[in-house]
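Trainee: Sequence order for the protein chains is A, B and C.
By the numbering used here, the letter at position 150 of the first sequence is numbered 160, and the numbering carries on one by one without gaps.
By the numbering used here, the letter at position 30 of the second sequence is numbered 40, and the numbering carries on one by one without gaps.
By the numbering used here, the letter at position 34 of the third sequence is numbered 44, and the numbering carries on one by one without gaps.
No lab work stands behind these hints: they were computed from the structure.
Bear in mind that the values here come from a model prediction, so they are computed numbers and not experimental data.
A portion of the hints provided could be inaccurate.
Heads up, the list lumps identical chains together, so a pair's fine if it works in one copy or across two of them.
Derived pair list, reagent style BS3-like, types lysine-lysine, alpha-carbon separation capped at 27 Å [claimed, not checked]:
hint, residue 1, residue 2
1, 45, 112
2, 156, 45
3, 14, 156
4, 14, 56
5, 202, 263
6, 112, 336
7, 112, 14
8, 56, 45
9, 112, 263
10, 56, 112
11, 202, 112
12, 336, 263
13, 14, 45
14, 263, 197
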Amino acid sequence: MFVKNAWYNAGWDYHFTQSQQNGLKQGKGALVARKIAGERLVLYRKPNGQIVALEDRCVHRQAALSLGVKEGDNIRCMYHGLRFGPDGQCNEIPGQEHIPTKACVRSFPVVERDNWVWVWMGDPARADEALIPFAIGPSHPDWNVKTSQMQVAASYRLEIANLADLTHLAWVHQGTLGGPDLQTRAKFTTIKPTFTATSHSLRTEYVVRDVPISSFMAHLFPPETRFDLWFDITHTVPCTWVLHFRVFLADGKADGEPAGQLIADTWTSQAVTPNDGETVDYYYSWGAARHCEFPGLSELLRDNLDDAFTEDRHVLEAQHVRVREKPDFPTISIIHDNGPSRMLRVLDALLAAEAAGAARPQPLTEAAVA
Amino acid sequence: MFVKNAWYNAGWDYHFTQSQQNGLKQGKGALVARKIAGERLVLYRKPNGQIVALEDRCVHRQAALSLGVKEGDNIRCMYHGLRFGPDGQCNEIPGQEHIPTKACVRSFPVVERDNWVWVWMGDPARADEALIPFAIGPSHPDWNVKTSQMQVAASYRLEIANLADLTHLAWVHQGTLGGPDLQTRAKFTTIKPTFTATSHSLRTEYVVRDVPISSFMAHLFPPETRFDLWFDITHTVPCTWVLHFRVFLADGKADGEPAGQLIADTWTSQAVTPNDGETVDYYYSWGAARHCEFPGLSELLRDNLDDAFTEDRHVLEAQHVRVREKPDFPTISIIHDNGPSRMLRVLDALLAAEAAGAARPQPLTEAAVA
Amino acid sequence: MFVKNAWYNAGWDYHFTQSQQNGLKQGKGALVARKIAGERLVLYRKPNGQIVALEDRCVHRQAALSLGVKEGDNIRCMYHGLRFGPDGQCNEIPGQEHIPTKACVRSFPVVERDNWVWVWMGDPARADEALIPFAIGPSHPDWNVKTSQMQVAASYRLEIANLADLTHLAWVHQGTLGGPDLQTRAKFTTIKPTFTATSHSLRTEYVVRDVPISSFMAHLFPPETRFDLWFDITHTVPCTWVLHFRVFLADGKADGEPAGQLIADTWTSQAVTPNDGETVDYYYSWGAARHCEFPGLSELLRDNLDDAFTEDRHVLEAQHVRVREKPDFPTISIIHDNGPSRMLRVLDALLAAEAAGAARPQPLTEAAVA
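The following block holds chain A by itself, in its conformation from the complex:
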C-alpha cells in the first residue's frame, strides 16, 4: 500500500525544537510523534542537532516512546525506564544487567534539507540522499518562503491525482488560485502541457496566456491588465510537488516562453505524507523571489494556499468517503487524467517493484507518458 524505500516528509525543521540549543528545559516538547506510511514514529534532536527517528513503540510492552523523555542522545521510555540510543538499541534496562540484542526498536534514516525533515521508511541500506526531491525552503537566501501545514482525511492517492492535474484550478479554486471569468476557465482546461518523465517523477510545463491574474491577487492590479502565467512543475512519487510559478505581463504571442515583464517569480514546495490509508499530513510553502518582491506578497501567497487547500480538502474528503463506499464504482476517464494516471502508474510500478524485491523501476519511455 505504501512504497517503503522512499523519503517521506516528517514536517518543517521548526517542529523539532532543539531545546538544548535555545536554552529551554529539555522535555516532552522536543519529542514529536508522527504516523508515516502506516508506522508510528517518534522524532527528536540530539544535542548536536541531528534528528533521530525511531519506531514509537517500546520493544518491551509497546508503550509510546513519545510519552518518554530525552536523555542526551538517548530516549527513555517512561513506562519501565528502558533507554534507547539513536540507533534504536536499548542501552539500559533499570534493575537488570543483561540487555538482550533484540532489545531494539527500528531506527529510520533522517535527512534535513531545505528546512524539511525527510525520513526513509524502508531498508536503511538503500537510503539514498540523491533521491530527496529538490525544494525551496524558508531559509533559502534568494526566496522569501512562508510555510504552513494541514491534515486531510483522504487517501494519498487522491492527493496525488489532485496535484497531477491543475485544470482543477478552474473549478475548485475559481475564487483563489484560478481565474474568475469563464474565458480564463476555458484556457485552464485546454492547456497542452509538455511532459518530461523520469522513473519516479513527472515534469509538467505550460503557459496560460493572456488572462487576468488569479483571483486572490486581483486586488493588486488594474482589472484590465492581462498576464501570461508560466507553470513548471516537478511531481515526484510518492510525496513531493514543486512548482516554479511565474507571472508576466502578457506578451501578445500565441506560444513560446513568455517575453513580457516579469511581475512575480515564485516557488511553492509541497509534500503529501500519508499517515495511513485514511489521512495525510500536508506540508507546504510558497514564496516570491527577493529580486522582484513587493511587501506582503509571500504572506499573501502562503495565506492563499491555506484557503485553496481548504477548498481541496472539502473536495477530497467527500471523494474519499465515496471511494471507500464504492471502491468498484465504474468511472470514466477524461483527457486531463493523463497526469494523474501517469503518477499513479509510477506509484503502482514502485509498489510492484518493491513487492518483487527489486530496486526502483526503470524510467518509463516518453511514449508511455503521452
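Keeping the supplied structure of chain A fixed, place chains B and C upon it in accordance with the hints.
Mentor: Chains B and C in isolation, oriented as in the chain A frame:
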C-alpha cells in the same frame, strides 16, 4: 436490506430553495445532499421548479456533485467541471470534445406532493405515482399543518415497529402523547384495533374511551373533563405513517363511533427515511382542521411531536445498540406485536419479491392480519 | 476473553441511590447502567436496600431496562410496559394475561461489602462470597478512606500488568507516587519482592529503604528526612488490587521489617472492571489509619491517586492503541515482568479452566512464581 422499487421521502419542499424564483443568488444552498436507502443523492430544482435527483457521485472520479453548482437545468461538478443534465447524462467535459455515452450518473424519479419530495429509488420504469401515500401537507387549505424533522440513530425496522403499535404511548410518552394516570395507561394497553390490510399498508382504527386528554394538552381543559380519542392510522411500508386523530367529549358509550362534541380534528403525516442501516431521517407534521381550531393548537401539536419523538429517539437508539450487539438474542412476542409483526412481514415480503425480480407482492388475506 | 465465574466490581454503594429511603421521588436516577465483562447490566436497590442486577435488555425487543422505572421490588420496561421481578422473571405484560416462562431476563448475584457492589457474572450456583477479595472501604471505623473512579480506554489485561509491577512508580509517577531523585528511582527498580501465590491472587511484599518521601507528600516533611516505605500488596485476578502502604522514619537497617517511627499507615483498595475489551471502569480509594492520621492526609492520598491514575491512563491508552495495531509485535521480557506475567498466567489459567468446564484452577506451586 432496502426495498428499491418504492417512494422514499427526501424532506419538505422548503428544504429545496428554488433560488431562481425568489431572487436569491444561485448557489450551493440550492443543492441538497441526502442519503436514502444506502445511496447518496444530490437534489436541486430546475428553473421551472421541478426537482432533480441524481446520484451524488461524479462518474469521473466520485467527487461529490453536491459540492458543485447549478447551471440552469444542469449541475456541474466543481472538481473537473463535468456538467450533467437532469437525466444524469454528462453534456460537457471541459477541454474535451467527445462525451462517452457511459459518462452518466444515475437519475431518480421525483414527485412533489403534499409539500413532500418523493424519490423512487428503484427501476424508473416501475415508478408509479399511484403508490405515493396519502398525506396532509402544510399548504393544504383545510388544515393548519406545522412541520419538523429529526435524525435518529437506529435501523428503520425499529422505527416501523415503533409506529405500528401505539400502546407504547402509555409508557414512552406518558408525559406527552399518553395519559398521565394508570387507568388511561390500562385503556391504551387493552385496545382492540380494527385492522384493514393491503399489499403494502395497514389501516388501524380504534377508540380509547372516557379518558383524560393527553398530557401535553392537559392544561387546556378542566382536569375532570373526559374524552373519547379516535385513532385512524394508515401505515405504508416502507416509509409512511398517517394518522387522523380526533378528540371528542366523552359520549358515555362503550363502543361505536364517538358521538360527543368534536374538540379537535387533526392529521399528522410522518415519513421515516432510512439513510442506511444505522440512521433514519424522520420528517413529520401535525395540524388541526381550520374549522374547529383555536389559536396555538397546531404549534402545540407540532412542538409536542418534537418532545415525543425525542422520547422515542432515546428508546430506539438504546435498542438499536443492543440489537446490533446481540442480533440473535432470543426474544418473546406479546399481544401488541400484531401490528409491528404485520408491517415487518409486509416489508420482508416486498424485499423477497424484489429479490425474486417480481413486482410488488399481492395483498395478504385478512386472515393473515389477525 | 473474560472469566465469567468471578466477582466484578460495579462501583461504590453511593452510586446506587436508595431513593425510597431518603425521601427522593423514585426515578431513573436509581437505575444504574453498567457494562461489565461484555454484558450490559441495570442495577437498582429494592425498598429493603438490597441491590438487584439484571441484564439491561428487555426480553421482548431488547429495549434498555435502564431507561425504565422502579416499581417496588420490580423494574418496568418503559417501552411496552413489561415488568420484571428482581429474579428477572417477567410478572406483568400489559394487555395480556398469559406470561410465558421464558419471559425472563438474566439476573446476577450481587453482594455489597466494604462499600463496594460486587456482581457475579457467571453461573449463579457457583457464586461464592468467600471469593470476594478483602478491601478497606470508606465506612470502615478504623480508616479514613476516600473514594474516586475513572474510565480508561484500554484492555484490562494492560491494567493488570500495570498494577502487578510497581517499578513503574519510578517512571510514570515520578512526580506523584514515585520519588523525585535518581537514587530513589534506582531503589524502586531494584526491589526484590517476596511473592506468595494462591490459585487466583499474588501477594507481593517489599520495603524500599532510606528514601525521600513520595513526591506528592514532599511538602509535608523537611527535605532531608529519610523514610522506609513498606508495600504489602494482594492482587486478585481478575479485578482487585489492595495495598497496605506504611511509611516509617528510616531505621538505618539494610533489611527486615521497618523499625522506625510509623508516620503514615494507609490502605488503598482498587478494582479494575472490564467493560469490554476496549475500556475499563476503575474504582479506587485510599485512606489513612485514624490512629496516626493528620488533617487532610486522606484527601491528599485520594487526590494524588486521581493524578497518578491520569498518568497511567495516558500511558495505557497509548499502549492499547499500539497493541491493537500490532498484536503480534515481537516484544522482549525484563526482570520486572515476573509479577505481570504471573498474574496474566493466572488469568489465562482461569479462562482455560472455565472454557474446559472446570471449577477454579488449583494453586500454582511457589516454583511457578519465581
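Trainee: Determine for every hint whether it applies to the structure shown.
Mentor: Tested hints:
Taking identical chains as interchangeable, the C-alpha atoms of residue 45 and residue 112 lie at most 27 Å apart only when both belong to the same chain, with a minimum of 23 Å there against 40 Å between chains. Proximity of residue 156 and residue 45 under a CA criterion of 27 Å is satisfied intra-copy only: 24 Å inside one chain copy versus 41 Å between copies. Neither within a single protomer nor between protomers do residue 14 and residue 156 lie at most 27 Å apart by alpha-carbon distance, with minima of 29 Å and 53 Å respectively. When the C-alpha separation of residue 14 and residue 56 is checked against a cutoff of 27 Å, the pair qualifies only within one copy, where the shortest distance is 25 Å, while the shortest distance between copies is 50 Å.
In this homomeric assembly, residue 202 and residue 263 come within 27 Å of each other (Cα to Cα) only inside a single copy, at 16 Å, whereas the closest approach across copies is 87 Å. In the homo-oligomer, the alpha carbons of residue 112 and residue 336 lie at most 27 Å apart only across protomers (17 Å), although the nearest pairing inside one protomer, at 43 Å, exceeds that limit. In this assembly of identical chains, the alpha carbons of residue 112 and residue 14 lie at most 27 Å apart only when taken from the same copy (22 Å versus 38 Å across copies). For a Cα distance limit of 27 Å, the shortest separation of residue 56 from residue 45 inside one copy, 21 Å, qualifies, whereas the shortest one across copies, 47 Å, does not.
In this assembly of identical chains, residue 112 and residue 263 lie within 27 Å of each other by CA distance neither inside one copy nor across copies; the values are 67 Å within and 39 Å between. Taking the shortest alpha-carbon separations for residue 56 and residue 112, only the intra-copy value of 23 Å comes in at or below 27 Å, while the best inter-copy value is 58 Å. Taking the shortest Cα distances, residue 202 and residue 112 sit within 27 Å of each other only across copies (25 Å), while inside one copy they are farther apart (56 Å). In this assembly of identical chains, residue 336 and residue 263 lie within 27 Å of each other by CA distance neither inside one copy nor across copies; the values are 47 Å within and 60 Å between.
In this homomeric assembly, residue 14 and residue 45 come within 27 Å of each other (Cα to Cα) only inside a single copy, at 13 Å, whereas the closest approach across copies is 38 Å. For a Cα distance limit of 27 Å, the shortest separation of residue 263 from residue 197 inside one copy, 15 Å, qualifies, whereas the shortest one across copies, 82 Å, does not.
Going down the numbered hints, you'll see the structure goes against 3, 9, 12, while the others check out.
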